[in-house]
Amino acid sequence: MALDDRSKTRDFKVIGTRPVRPDGIDKVTGRAKFGADATAPGMLTGRVLRSPHPHARIRRIDASKAEALPGVKAVVTRADFGEVPEDVFDILDNCMAGEKALYDGHAVAAVAASSPAVAKRAAKLIEVEYEPLPHVTDVDEAMKPEAPALHEGRTEETVPEGMSPNVISRVQFGHGDIEAGLAQADRVVERTYRTAATHQGYIEPHACLASMGPDGQADLWCCTQGHYLVRNTCAAILGMEQGQLRVTASEIGGGFGGKTTVFLEPVALALSRKAGRPVKMVMSRSEVLRASGPTASSSVDVRIGMTKDGRITAGFAELRYQGGAYPGSPVDMGSMSAFAPYDLENVRTVGWDIVTNRPKQAAYRAPGAPMAAFAVESAIDELAKGFGLDPLEVRLKNGADEGTKASYGPTYPAIGLMATLEAAKSHPHWSAPLGKGQGRGVACGFWFNFGGDTCVSLNITPDGTVTVSEGNPDIGGSRASMTMMAAEELGIPYDQVRTIIADTGSLGQNEVTDGSRVTFAVGLATIEAARNAKREMCRRAAMVWGIDEEAVVWEDGAARPSGPNAGEHPPMTLAEIAAIASNTGGPIAGHYEVNAEGAGVSFATHMVDVEVDRDTGATKILRYTVFQDAGKAVHPSYVEGQFQGGAVQGIGWALNEEYIYGDDGVLQNPGFLDYRVPVASDLPMIDTVILEIPNPGHPYGVRGVGETSIVPPLAAIANAVSEAAGVRMTDLPMSPPRILAAIENG
Amino acid sequence: MRYEAPTTVDAAVEFLASQSGDCHMLAGGTDLLVKLRSEMIEPDAILDIKRIEGMKDITAENGGWRIGAAVSGAEMNEHEALCAAWPGVVEAVGLIGSTQIQGRATLAGNLCNGSPAADSVPAMLAADAIVRIAGPGGVRDVPVGEIPEGPGKTSLKANEFIASIFLPERPARSSDAYLRFIPRTEMDIAVVGCGVSLQLDESGKVARARVALGAVGPKVTLVPEAATAIEGSTLDDAAQAALTAACTSAASPIDDKRGTIAFRKHVAGVLGRRAAKIAFERAGGAA
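First to last, the sequence lines map onto chains A and B.
Residue numbering for the first sequence is 1 to 746, as defined by the working numbering.
Residue numbering for the second sequence is 747 to 1033, as defined by the working numbering.
A couple of the hints might just be wrong.
Unchecked claim - PhoX-like, lysine-lysine: derived pairs with alpha carbons at most 20 angstroms apart:
id	chain 1	residue 1	chain 2	residue 2
1	A	Lys120	B	Lys899
2	B	Lys899	B	Lys781
3	B	Lys965	A	Lys124
4	A	Lys385	A	Lys436
5	B	Lys965	B	Lys903
6	A	Lys65	A	Lys144
To be verified - Here are the in silico distance ranges between beta carbons for each label pair:
id	chain 1	residue 1	chain 2	residue 2	range
7	B	Glu932	A	Phe387	37 to 47 angstroms
8	A	Gly16	B	Glu932	31 to 41 angstroms
9	B	Ser784	A	Asp556	39 to 49 angstroms
10	B	Ser764	A	Asp215	48 to 58 angstroms
11	A	Glu152	B	Met786	31 to 41 angstroms
12	A	Pro462	B	Met747	49 to 59 angstroms
13	A	Glu593	B	Met786	29 to 39 angstroms
14	A	Ser64	B	Asn823	49 to 59 angstroms
15	A	Leu69	B	Ser784	21 to 31 angstroms
16	A	Phe387	B	Gly849	52 to 62 angstroms
These are calculated hints, taken from the structure and not from any lab test.
For glycine and all other residues, C-beta sits at the position ideal for the given N, C-alpha and C.
Based on the sequences and whatever the hints tell you, model everything.
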């Protein structure tokens, strides 16, 4: 779907304005229905029994005492699930352990009972006989040949023989000759960087309500980023046909990638099937942290060479990510994105996917990229500062542009990296003075963005209003942006359109809300659905006027005769055409179905000032500015919100957030007290600069903006803290004890 | 689970005496409800003391202030005379939780929770607060330092509860301060806490000081060596250094998810120094 020629110069009427969000009133008044708000007659409470061991063979499960407790309607274990297709085996095994419990918090059984109190008592009555096994939670430890092995036979052909079975796969990207490039450098930085596993920290815990009838038809209401994915996954796990399972997405209290898989849903369906009653399940915060999907922890070796005038001669990174107890860490995307902002002759990345006794990772906002950018952008900063060079100039000198062969293969079309760097250079933040104990850091970031299967239905009501049905939960303002794009295309006011999130029975397949795809792909489909509806309305007007449909155009919300033989007819508005639709052939709708391509890669540059208290190691974020290319900002307030949100999550990741495991392999901080996301008082107002370099692949030039903003902050903050503390920080989080120790050790 | 909300101290004592199971006291509930919801406890009974007469009162008494066991942090922070007399105690209470929590959280509850990291306890210990305990034999007054016994443990008997806390009369040229270290700026638990209360003599030297540390041992503790380090000084650099060293030396923390031993010992010294400077300035001292 190419960029409209006229989009480069057109005056948008709705796009680029900031109307009130359509979900706002419901959310601030409490009327909005989130996952835990679903109810059904006869509903039971489901509860999961979780492993207290990080690694244990499950010898025996005896649920007889629980089943005998009055009020208990069903207990399920892995034995209640049959054989499943290979592509959902790990998902099922993560939702309900099979032979082994693989991490602290792994589900081993579940109960459905008449009340939460009974469910709680019943869960305690389920007897599980464990054989505890040695465990490993650290990524580097897990790679050692002598490390306790989680699985056997899962290693892929890319892994050399003799490595631990915990090493699942190896990927490699790049071009040129690293050693030759390094030989041209005046200086080479070689360091190892580490990041802790972090959680998306969405406010709303996972919740669902499942109801399966004796006829095999089932309904599921849940909080998810993709109810079509939930449908397909659950149907495969439960041996159902997809059409028999209807899934409705609730409002969603954040996801950030963490709700792109299933945890409770198959279990709730299995319980409902067994009990013959609807079953509701809601995770506690502790369950969310122990048993949903945080992102990977990482250990990354970097070697980068630079000439004294700031040219990068070679870049190499070896990335090791642990993605929890199952294969699939985002090391591939980390390896692809590590050097993506740069135009390099010699570049190579090698990535290793490792399993450990931790919860199976799920996507987290630009999965895999922030850790890679942390390592590479830290090393570039160290080189630039070592030569006394301006870190922005160094990035401008080496930055990727249209025509650059990317480190991961493709050649870039028009991209916005240079625009973000130029904007950063000319921004007052860059020249503002710094005080004692303060430091300033910059870093760049890249994200691929994605399109994917998308299906939109746009309906014209008899009174001339418009409803849009999309199949992606509104997680970042998609109801507002779809409404805006439909209104723009149809030439009608914003408040004449309402967009809803349709259930899985109402539309064709829709890819999960990931890859910052929705505003791009669903937006594109919405525009095309509106164009199809306009063509139909023009046809109806032509019929009324008795002229050829080719002689009718759509302008400013009305069909108008056009061309030499069209004749004189007053325009027919959308409402006028709608009013007589029944007499001109019936209801009017526009549809569009596509596997959207051309998402358009995205770049950002972040700039941050910090102050480090040298007595306590505490870091204060003083000032923060995000520069990012949005292609075209549909609703700028939402775009700014995405920029700010990514920066804030990055601040948490950089300074305080981490999964802390004890020697016993048990998660020590499963709550928001000791898993420290930033609070409002920790933050300055995050300033934003939206750049608009149109995406050639979207009619209005839109690019996804949701993920790129979390890629640069880890490095930008580390660069600022390193300057303020006078010592290079290479391990995240840069918690006060770690900074203080680094200062004391010089 | 039984819920009881008596209106007199005697009725509350009687109810406690009648309980053989696990009975928990409810004032603000900001610790109790968290423990209930996270399934840390399953009480047989809950005794709500908020409706007992006097529990919500801040009363002037013998030049000092008596604070009922159900008085919230927000109420204390809005009481001008109390803030003027004991700014350190009030600011310590004010650090607990969020604005919403402040509407409920109490000084007595913070003490009864038995956490070594309780914010108000080092401040109360520095202030030499007296705790009034109600029980089967009537009421008895004990120094606040005698209440904590270890993490989650207090010297209160199962048939007793705290009715009020008394902050004594504030002498001339005296003040107090409390500082804590947390990795965030709010909504957190002290990694180290330090309360300092001091009185100056007419020449502006520290005549008497009390320094208490939290979160660096099994219970909040007084550090007499830290007080000695600044008594007789105008809090000059040497006195500050001695105070810092005394606090670092007195701290006996553990390594845990919130901080290392070395970090906590170091920060105990830093906070001792910083809190003493604030209290000194509030008391009218000039360096």
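* **Given pair status - lysine 144/A, lysine 65/A, alpha carbons within 20 angstroms** => 43 angstroms, violated
* To do: Using the Cβ atoms, figure out if serine 64/A sits within 49 to 59 angstroms of asparagine 823/B.
  => 56 angstroms, holds
* Is the gap between the beta carbons of phenylalanine 387/A and glycine 849/B within 52 to 62 angstroms? -> This hint holds: roughly 56 angstroms between Cβ atoms.
* Between lysine 965/B and lysine 124/A, is the straight-line Cα distance small enough, at 20 angstroms or below? -> 33 angstroms, violated
* Asked: Taken at face value, is the distance from the CA of lysine 903/B to the CA of lysine 965/B at most 20 angstroms?
  -> Satisfied, since the Cα-Cα distance of roughly 18 angstroms is no more than 20 angstroms.
* Asked: Regarding leucine 69/A and serine 784/B, is the given constraint of 21 to 31 angstroms on their beta-carbon distance met?
  -> 23 angstroms, holds
* State, for the Cβ atoms of serine 764/B and aspartate 215/A, whether the hinted interval 48 to 58 angstroms holds or is violated. => Taking Cβ atoms as reference, serine 764/B and aspartate 215/A lie about 55 angstroms apart, which means the hint holds.
* Take the C-beta atom of glycine 16/A and the C-beta atom of glutamate 932/B, compute their distance, and say whether it sits inside 31 to 41 angstroms. => 37 angstroms, holds
* Cβ-Cβ distance between proline 462/A and methionine 747/B: within 49 to 59 angstroms? -> Because 57 angstroms falls inside the window, the suggested range holds.
* To do: Could you see if the CB distance from glutamate 152/A to methionine 786/B stays within 31 to 41 angstroms?
  => 39 angstroms, holds
* Please work out if lysine 899/B and lysine 781/B have their alpha carbons no farther apart than 20 angstroms. => Distance of about 15 angstroms is within 20 angstroms: holds.
* **Restraint check for lysine 385/A with lysine 436/A, where alpha carbons must lie at most 20 angstroms apart** => Holds. Lysine 385/A to lysine 436/A sits at ~18 angstroms (cutoff 20 angstroms).
Checked against the numbered hints given earlier, the structure breaks hints 1, 3, 6, 9, 13 and satisfies all the rest.
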